[in-house]
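A.B. asks: These protein sequences, in sequence, are chains A and B. The first sequence begins at 1 in the working numbering and counts up by one. The second sequence begins at 1001 in the working numbering and counts up by one.
Because the hints were derived from the structure by calculation, they are not lab data.
Below, a sample of chain A positions facing chain B; criterion: calculated Cβ distance under 10 Å:
#1 V97
#2 R102
#3 H120
None of the values given here were measured: they were computed from a predicted structure. Virtual Cβ for every residue (Gly too), placed ideally from N, Cα, C.
Protein chains: 2
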Amino acid sequence: MKIVVGFIDTREGHAAVDAAIAEARLRGGTLVIVNSMHGGSREREEDYVSTAEAFEALQERLRSEGVGFEAHEYVRGNTPAEDVIDAAREHEASLIVIGIRRRSSTGKLLLGSNALDILHDAEIPVLCVKAST
Amino acid sequence: MKIVVGFIDTREGHAAVDAAIAEARLRGGTLVIVNSMHGGSREREEDYVSTAEAFEALQERLRSEGVGFEAHEYVRGNTPAEDVIDAAREHEASLIVIGIRRRSSTGKLLLGSNALDILHDAEIPVLCVKAST
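Using the sequences and the hints, build the whole thing.
C.D. replies: Have a look at this one:
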């Protein structure tokens, strides 16, 4: 079985990777890690968009930990949410793992539009994890 | 390990129970099923609030399937989200499973306030599942 992770180079993103690795080991699966590049446009480098350097470092980590994975960098101009959903469909994945932020002290809405879109559009279960405090 | 399920007597709620049972078997855990009664007030019987009859039927199912569980009906007047979060804390749970709705044809926001609150306030991973089509 395959587990899709929408990568982002933040504490939440790394928490998602940690959780996805644990799930892959638990379920005997492999990872599909997704980086949305938006054709290099910097204006859209919000959540779920990471640098190529961070994405390469992630792949190094997975190789060193012996975790089976495929890496996809999407530059099609879709939103990160669309890329994650497309990757899940294309790989017939069984699970999506995303990192979400903790509630701030002001209590304002924390789920970004990409997280909401993934939750709304995913046809498979979505595991939402936070960074440890 | 313990898995908290906020029960609701809908297709999404039953999908959440199905997923939670699978997770309990996979991880060697038991379930904590939560029903928010709101002191019987019918005006708040929205999502994550189910009848006592449906909750009893769920327990019958879990017993017949040999799934270890604890059942909690909360009548403290808190929101269903608060009850789920409190149950997760009280039982030192490792995972929360909730059912969420599919995007409608009109595309309007589908995550209810309880689902959003659980995602915002949970200190542990939240697995979001949908009813099968």
